[in-house]
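There are 2 protein chains.
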Amino acid sequence: MRVAVDAMGGDYAPAEPVKGVLAAKEQLGKDDKIVLIGDEAILRQHLSGHEGWESFIEIEHAPDVVGMDEAPVEALRQKPNSSLARMAELAATGKVDAIVSAGNTGACVAACQMRLRRLHGVHRPGIAIIIPTFHGPVVLCDVGANVNCRPQHLHQYAIMSSEYLRCICGKDHARVGLLSIGEEDAKGNTLVKETRELMKGDTSIRFIGNVEGRDIFRGTCDVVVCEGFVGNVCLKLMEGLAEGLFKSMFQEMARTRPDLTAEFQSAIKSVKERFDFNEYGGAPLLGVNGICIICHGASSHRAIVNAIRVARESVNAKINDRIIDRIQQWQGSLHA
Amino acid sequence: MRVAVDAMGGDYAPAEPVKGVLAAKEQLGKDDKIVLIGDEAILRQHLSGHEGWESFIEIEHAPDVVGMDEAPVEALRQKPNSSLARMAELAATGKVDAIVSAGNTGACVAACQMRLRRLHGVHRPGIAIIIPTFHGPVVLCDVGANVNCRPQHLHQYAIMSSEYLRCICGKDHARVGLLSIGEEDAKGNTLVKETRELMKGDTSIRFIGNVEGRDIFRGTCDVVVCEGFVGNVCLKLMEGLAEGLFKSMFQEMARTRPDLTAEFQSAIKSVKERFDFNEYGGAPLLGVNGICIICHGASSHRAIVNAIRVARESVNAKINDRIIDRIQQWQGSLHA
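If you read the sequences in order, they're chains A and B. My numbering numbers the first residue of the first sequence as 1 and each following residue consecutively. My numbering numbers the first residue of the second sequence as 1 and each following residue consecutively.
Worth flagging that the hints you see were computed from the coordinates, not collected in a lab. The model shown is predicted, which means the values in this text are computed figures rather than measured ones. Any given hint could turn out to be false.
Where chains are identical, the list cannot tell them apart; a pair therefore holds if satisfied intra-copy or between any two copies.
Claimed, not checked - Pairs of lysine to aspartate or glutamate, DMTMM-like flavour, derived with a Cα cap of 20 Å:
(1) Lys318 <-> Asp185
(2) Lys247 <-> Asp31
(3) Lys269 <-> Glu252
(4) Lys318 <-> Asp32
(5) Lys30 <-> Glu58
(6) Lys272 <-> Glu243
(7) Lys25 <-> Glu279
(8) Lys79 <-> Glu51
(9) Lys25 <-> Glu263
(10) Lys33 <-> Glu197
(11) Lys269 <-> Glu243
(12) Lys171 <-> Asp97
(13) Lys318 <-> Asp172
(14) Lys95 <-> Glu313
(15) Lys247 <-> Glu273
(16) Lys193 <-> Glu74
(17) Lys269 <-> Asp31
(18) Lys171 <-> Glu313
(19) Lys171 <-> Glu60
(20) Lys318 <-> Asp259
(21) Lys200 <-> Glu51
(22) Lys171 <-> Asp325
(23) Lys247 <-> Glu263
(24) Lys79 <-> Asp97
(25) Lys95 <-> Glu51
(26) Lys193 <-> Glu70
(27) Lys79 <-> Asp172
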């Protein structure tokens with residue numbers, strides 16, 4: 001298997017992606033290779049001194065970089081030799097089996113849409129993140145690929161996310177909730193009401209109805225679908241609130257019991273690690289004809305290691321074949 | 001001043017609302033009265049034994065109750081003698097200066113829209129909550145009154161929330177952010193892009209541009225506007241995540257250092273209280289021709305006490321006159 005890693009993407013590129021790729025060696029089989037994409041001279045500099053990297057890393061030269069805040073489509077057009085554009089190219093031409101990037105999310109989605117195209121039958125790709133909760137992992141999809149969703153898109157996110165949870169977390173029959181503002185049929189906006197009717201008609205997913213934001217943390221469901229705008233707002237909100245609460249907690253503890261600072265710090269650190277995006281390794285862009293794992297911009301090398309693992313597991317589980325099958329089944333049932 | 005309190009609204013009605021009203025006595029002036037609305041026999045039973053309640057509480061008999069999950073408009077039509085319908089009636093006829101309810105939020109909004117009508121010039125009312133953060137209070141509006149927002153609605157939420165922050169928290173020149181999925185102009189959905197252009201043109205608000213969910217907790221802005229669907233999802237998500245994190249934190253601490261359980265518990269409790277919705281006392285429905293404070297369904301008596309305080313402060317600050325002035329100024333500037 002060959003996994004391409006965008007060495008130039010993310011706030012700490014290329015240092016952390018390179019470090020992550022080096023650390024990923026132990027998960028690789030003897031025929032597995034990592035294709036590291038970026039400016040060759042810079043990458044050789046970062047790799048030098050790490051003995052034996054040539055045995056599992058190939059460098060793919062790409063002199064340009066798409067900046068984290070550049071407008072996606074324009075940037076890709078202007079920079080055909082950027083690491084992101086080259087990465088999508090390698091995947092589209094079958095030279096790699098999966099791709100991983102912590103770069104500009106919008107540009108990564110656009111590159112995959114343009115070069116990899118969509119899986120047969122899929123209307124729109126969606127980014128699925130795993131939220132670690134007290135009651136187990138919950139998949140939230142979409143968190144930013146598609147800000148103009150239609151009911152069919154959300155329905156397919158439910159199908160694809162259920163398959164993802166099955167392949168990556170070994171969880172069958174995922175309970176699917178539709179993110180809304182109340183559990184009753186009458187609540188929500190037009191998109192939610194129409195999606196609800198559509199999903200009720202698909203017995204192949206285990207649809208439990210509308211859920212609210214708090215249900216994500218209460219063990220009510222395993223998959224939550226929503227449109228990309230709402231999902232992305234949720235993602236950033238969770239990040240900000242958790243950061244704020246941990247900070248408040250620590251300050252309060254340090255204020256009331258300065259003698260116990262070390263003990264508090266260690267307990268907080270341990271909970272923080274459980275909620276750390278670096279630990280669960282990137283979010284797949286589900287629905288494109290390939291395996292693409294998108295990492296948080298602030299990814300550390302650990303996040304890259306975990307993303308490579310998720311990429312490899314997705315390839316091994318043939319997740320895209322399963323998604324195509326399930327979408328065909330649904331379409332078949334409509335014409336039956 | 002006369003403040004009406006819905007004794008039958010909320011998960012713990014009538015016990016907690018009645019307890020809250022009794023506890024609110026100390027904030028009242030000698031001419032102030034609370035009008036407690038609900039089934040008279042039940043309320044007298046709850047009040048009996050509390051000496052002197054007659055000096056500041058009047059009972060308004062309303063035998064019916066709108067359930068927490070009833071469809072708002074239908075319930076109000078079918079139950080003209082419900083506490084919510086009677087409460088709106090009292091406000092509409094000028095018999096009370098402000099109203100407070102922890103009942104069915106949708107029904108409360110609908111009752112106010114139907115009976116109180118909108119303030120002159122206001123397109124749609126919005127519910128504004130105060131989020132206590134590490135960097136001070138942040139107002140989020142709308143959190144559920146209006147799920148089909150137009151740019152003009154969000155712009156007016158910015159104006160109304162800025163006035164609210166000025167009146168209630170004494171904060172002038174509130175920095176206003178527009179909730180989106182990235183700071184750049186190009187990001188967001190159509191509503192965000194159109195609202196951004198509209199708000200840029202209004203120099204009377206201190207508009208800082210798009211903000212992301214995490215900015216709420218980073219001291220970037222004082223007011224965040226969004227459509228009611230997104231705001232309500234955020235509200236519930238914050239509730240669920242905070243609950244989940246506190247639980248995880250405590251379990252982790254108890255596991256690693258069982259000997260320090262009491263110390264951990266006390267520090268967590270103190271942070272929890274700072275983030276507790278009961279402490280900041282209800283959310284105003286801004287934009288209706290009256291003062292209406294909506295409380296969380298799970299409100300304790302403390303939340304009711306605080307909501308009565310916010311209601312009184314809003315009346316004293318003549319917040320609605322200020323909102324009308326500012327909206328007239330804006331409309332005047334359009335024709336200038």
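Hint check:
| no. | hint | in the structure |
| --- | --- | --- |
| 1 | Lys318 <-> Asp185 | neither (36 Å within a copy, 39 Å between copies) |
| 2 | Lys247 <-> Asp31 | neither (45 Å within a copy, 45 Å between copies) |
| 3 | Lys269 <-> Glu252 | both (15 Å within a copy, 10 Å between copies) |
| 4 | Lys318 <-> Asp32 | within (17 Å within a copy, 70 Å between copies) |
| 5 | Lys30 <-> Glu58 | within (14 Å within a copy, 82 Å between copies) |
| 6 | Lys272 <-> Glu243 | both (9 Å within a copy, 15 Å between copies) |
| 7 | Lys25 <-> Glu279 | within (17 Å within a copy, 52 Å between copies) |
| 8 | Lys79 <-> Glu51 | neither (33 Å within a copy, 79 Å between copies) |
| 9 | Lys25 <-> Glu263 | neither (35 Å within a copy, 44 Å between copies) |
| 10 | Lys33 <-> Glu197 | neither (46 Å within a copy, 49 Å between copies) |
| 11 | Lys269 <-> Glu243 | both (12 Å within a copy, 18 Å between copies) |
| 12 | Lys171 <-> Asp97 | neither (24 Å within a copy, 55 Å between copies) |
| 13 | Lys318 <-> Asp172 | within (16 Å within a copy, 57 Å between copies) |
| 14 | Lys95 <-> Glu313 | within (18 Å within a copy, 67 Å between copies) |
| 15 | Lys247 <-> Glu273 | both (14 Å within a copy, 15 Å between copies) |
| 16 | Lys193 <-> Glu74 | between (35 Å within a copy, 18 Å between copies) |
| 17 | Lys269 <-> Asp31 | neither (37 Å within a copy, 54 Å between copies) |
| 18 | Lys171 <-> Glu313 | within (14 Å within a copy, 52 Å between copies) |
| 19 | Lys171 <-> Glu60 | neither (36 Å within a copy, 55 Å between copies) |
| 20 | Lys318 <-> Asp259 | neither (53 Å within a copy, 49 Å between copies) |
| 21 | Lys200 <-> Glu51 | neither (56 Å within a copy, 56 Å between copies) |
| 22 | Lys171 <-> Asp325 | within (18 Å within a copy, 57 Å between copies) |
| 23 | Lys247 <-> Glu263 | both (15 Å within a copy, 17 Å between copies) |
| 24 | Lys79 <-> Asp97 | neither (23 Å within a copy, 63 Å between copies) |
| 25 | Lys95 <-> Glu51 | neither (26 Å within a copy, 83 Å between copies) |
| 26 | Lys193 <-> Glu70 | between (35 Å within a copy, 17 Å between copies) |
| 27 | Lys79 <-> Asp172 | neither (42 Å within a copy, 46 Å between copies) |
When each numbered hint is compared with the structure, violations occur for hints 1, 2, 8, 9, 10, 12, 17, 19, 20, 21, 24, 25 and 27.
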